[in-house]
Amino acid sequence: MTSLLEVNNISLAFRQRTGFFSPPQLIPAVKSVSMQVREGEVMAIVGESGSGKSTLAKLVLRLLMPDTGSITIDGRPSSTLSPRDFANLVQPVFQDPYSSLNPKRTLADIIQMPLIVRGGVSAKECQDRARELFGRVGLPMRLFHTYPNQISGGQRQRVAIARALMLRPKLLVCDEPTSALDVSVQAQILKLFEELKQSFGLTYLFISHNLAVVERIADRIAVMYRGEIVEQGETAPFFAAPRHPYSRMLLSSVLIPIAGRPLPLVSRDFETSVSCESPATERPIVATRGCRP
Amino acid sequence: MEEIQSSLPAPRRLRMRRALQHGGFIFGFAILFVTIVIAIFAPFIAPHDPIAQNLGVRLLPPLWMQGGRPDYLLGTDHLGRDYLSRLIYGSRVSLIVGFSTMLIAGAIGSALGFVGGYYGGRTDDIVTYVINCRLSMPGLLVALAVISLVGGSLATIILVLGLLFWDRYAVVVRTATQQVRNADFIAAARVAGASAPWIIWNEIRPNVLHHILVIATLEMAMAILSEASLSFLGLGIRAPTPSWGLMIAEGRSFLFAKPYLVWVPGIAIFLLVLATNLLGDGLRDLSQPEGRR
Numbered sequence: 000m001t002s003l004l005e006v007n008n009i010s011l012a013f014r015q016r017t018g019f020f021s022p023p024q025l026i027p028a029v030k031s032v033s034m035q036v037r038e039g040e041v042m043a044i045v046g047e048s049g050s051g052k053s054t055l056a057k058l059v060l061r062l063l064m065p066d067t068g069s070i071t072i073d074g075r076p077s078s079t080l081s082p083r084d085f086a087n088l089v090q091p092v093f094q095d096p097y098s099s100l101n102p103k104r105t106l107a108d109i110i111q112m113p114l115i116v117r118g119g120v121s122a123k124e125c126q127d128r129a130r131e132l133f134g135r136v137g138l139p140m141r142l143f144h145t146y147p148n149q150i151s152g153g154q155r156q157r158v159a160i161a162r163a164l165m166l167r168p169k170l171l172v173c174d175e176p177t178s179a180l181d182v183s184v185q186a187q188i189l190k191l192f193e194e195l196k197q198s199f200g201l202t203y204l205f206i207s208h209n210l211a212v213v214e215r216i217a218d219r220i221a222v223m224y225r226g227e228i229v230e231q232g233e234t235a236p237f238f239a240a241p242r243h244p245y246s247r248m249l250l251s252s253v254l255i256p257i258a259g260r261p262l263p264l265v266s267r268d269f270e271t272s273v274s275c276e277s278p279a280t281e282r283p284i285v286a287t288r289g290c291r292p
Numbered sequence: 000m001e002e003i004q005s006s007l008p009a010p011r012r013l014r015m016r017r018a019l020q021h022g023g024f025i026f027g028f029a030i031l032f033v034t035i036v037i038a039i040f041a042p043f044i045a046p047h048d049p050i051a052q053n054l055g056v057r058l059l060p061p062l063w064m065q066g067g068r069p070d071y072l073l074g075t076d077h078l079g080r081d082y083l084s085r086l087i088y089g090s091r092v093s094l095i096v097g098f099s100t101m102l103i104a105g106a107i108g109s110a111l112g113f114v115g116g117y118y119g120g121r122t123d124d125i126v127t128y129v130i131n132c133r134l135s136m137p138g139l140l141v142a143l144a145v146i147s148l149v150g151g152s153l154a155t156i157i158l159v160l161g162l163l164f165w166d167r168y169a170v171v172v173r174t175a176t177q178q179v180r181n182a183d184f185i186a187a188a189r190v191a192g193a194s195a196p197w198i199i200w201n202e203i204r205p206n207v208l209h210h211i212l213v214i215a216t217l218e219m220a221m222a223i224l225s226e227a228s229l230s231f232l233g234l235g236i237r238a239p240t241p242s243w244g245l246m247i248a249e250g251r252s253f254l255f256a257k258p259y260l261v262w263v264p265g266i267a268i269f270l271l272v273l274a275t276n277l278l279g280d281g282l283r284d285l286s287q288p289e290g291r292r
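Going down the list, the protein sequences come from chains A and B. Numbering that gives the first Met the number 0 puts the first residue of the first sequence at 0, with every later residue one more than the last. Numbering that gives the first Met the number 0 puts the first residue of the second sequence at 0, with every later residue one more than the last.
Don't take every hint at face value.
[Claimed, not checked] Which residues of chain A face chain B? A partial, calculated answer using Cβ under 7 angstroms:
hint	residue
1	L62
2	M64
3	R83
4	P91
5	S98
6	L100
7	K103
8	F238
Since the hints were derived computationally from the structure, they do not count as laboratory data. All residues carry an ideal CB built from backbone N, CA and C; glycine is no exception.
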């Protein structure tokens, strides 16, 4: 298997101005991250809030430009691809299905958008393809000409998936695609992702903080912590024996519904093993605070 | 398209129903509509030539007052011109100034607002600076100065008002654009390879349009009033062309003897401005979300 996506040593720091005269402060979001996603696999990125997962997704989607490092997609440097070629290879599915669909356009328009932007097909062909995908993602045809506010969150996410498939891309970058949905709908959407992967030969870069979701869908896992990938590996061995202390903490913080089992006690021992020299490390981290009772 | 007769009520139809229940909207719309019809068909409606003088019938009072004559329903002015005909033709000036100013100012202001709001950063700084420059100028005073230099005519009034009163469009469109800009559906369009103008026109404009419409009606009322003020001051429409502001100015010297020369055009201005304002308020109320995103 060849690698479809290669991320080489990529870094990005956000500049934040604290005062009018003070120099901008650098907040590193992604620090020399490297990874490969092979064709046809599901690569999951896990980590707590603020660990840089979404920033990495935006970098892969070219919504942000890296400070250093490079990204290669399908053997070609991502930065040299034309917007059109890039769109044909990579498409996004976002976290919030409310923000990802334009409230003033019909579902039909939303799904057709990427193909209308790319051009090269007749309006009829474009609509036919949108209709076909509309059915493929499990939406009833009577909703085709309705507006996003008339459908549910799960249905909205199906629309977002249909839009992402409109250009028949090879790679879907899914930034927490199920975290805004309730659990039963999550399961349906995950099932849909699995089916579509088979029938369209897709590769996923799947970002999530939900380990149960990841265990089900991912072939390989990369754990991000404070902008770095601290561990990567195959899913099954990872869940059986995580190597990095942060991965162990992440796994032990999962709540499993067993009667009589108390809230997990999360050890912070690993903190000492991670180097702490960047300004980002001074900030309290939301998720770790949330782990404590 | 026809096989999927959506069972959900279309938002358009819902909005129509709400519009018909909105008193102010109906009132404003009705008056504006009637005025437009009168202005278009003025030559067929007006009983006399609005600029034909007949010194034999000077200063006739309206029909219902003592000495009124049925062939001069609203009486005559100091030159014996039929007041009703002048009122009817005067509506043309008010409406042309109102609509043209609205179009010119709306185009300038919205364009600035879209560009500043979408691009942000340096571009936005420049746009904000231009808006602030405009806001620091007293609008009507500048209009007075320019028109007294260039000379008053319909075209000058429209141009000067149009080039001056775009500030509210710019401010509101810029803010509204900023709110939409970071939504995920914009990111999806960018990944699909859409250009900035495409995104502004197809994704942002539908979300900002109702703001523009509301301001447009309010600004139209403002332009109508400005034209009346300028004409009243002798800087606007040149006699003998009938304009409501000019009619008030000419009737001013007879204010105590023949007050109807002032209040008849005064009521016309009042009603038209009230109607456009009510229409604007109605549009604002109708575009409120009310459970609809």
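_Less than 7 angstroms between beta-carbons is the criterion; does A/L62 satisfy it with respect to chain B?_
6 angstroms, holds
_The hint names A/R83 as touching chain B; please verify it with the least Cβ-Cβ distance against 7 angstroms._
5 angstroms, holds
*Interface hint outcome for A/K103 [beta carbon to chain B under 7 angstroms]*: It holds, given that the least Cβ distance between A/K103 and chain B is near 4 angstroms, below 7 angstroms.
*Is the hint on A/F238 kept, meaning its closest Cβ partner in chain B is under 7 angstroms away?*
31 angstroms, violated
_chain B contact restraint for A/S98 - C-beta distance below 7 angstroms_ = 4 angstroms, holds
_Interface hint check: A/M64, Cβ to nearest Cβ on chain B, cutoff 7 angstroms. Holds or violated?_
13 angstroms, violated
*Taking the least C-beta to C-beta distance, is A/P91 closer than 7 angstroms to chain B?*
This hint holds: A/P91 lies near chain B, its Cβ roughly 5 angstroms from the closest one there, short of 7 angstroms.
*Holds or violated: A/L100 as interface residue toward chain B, Cβ cutoff 7 angstroms?*
6 angstroms, holds
Checked against the numbered hints given earlier, this structure breaks hints 2 and 8; the rest are met.
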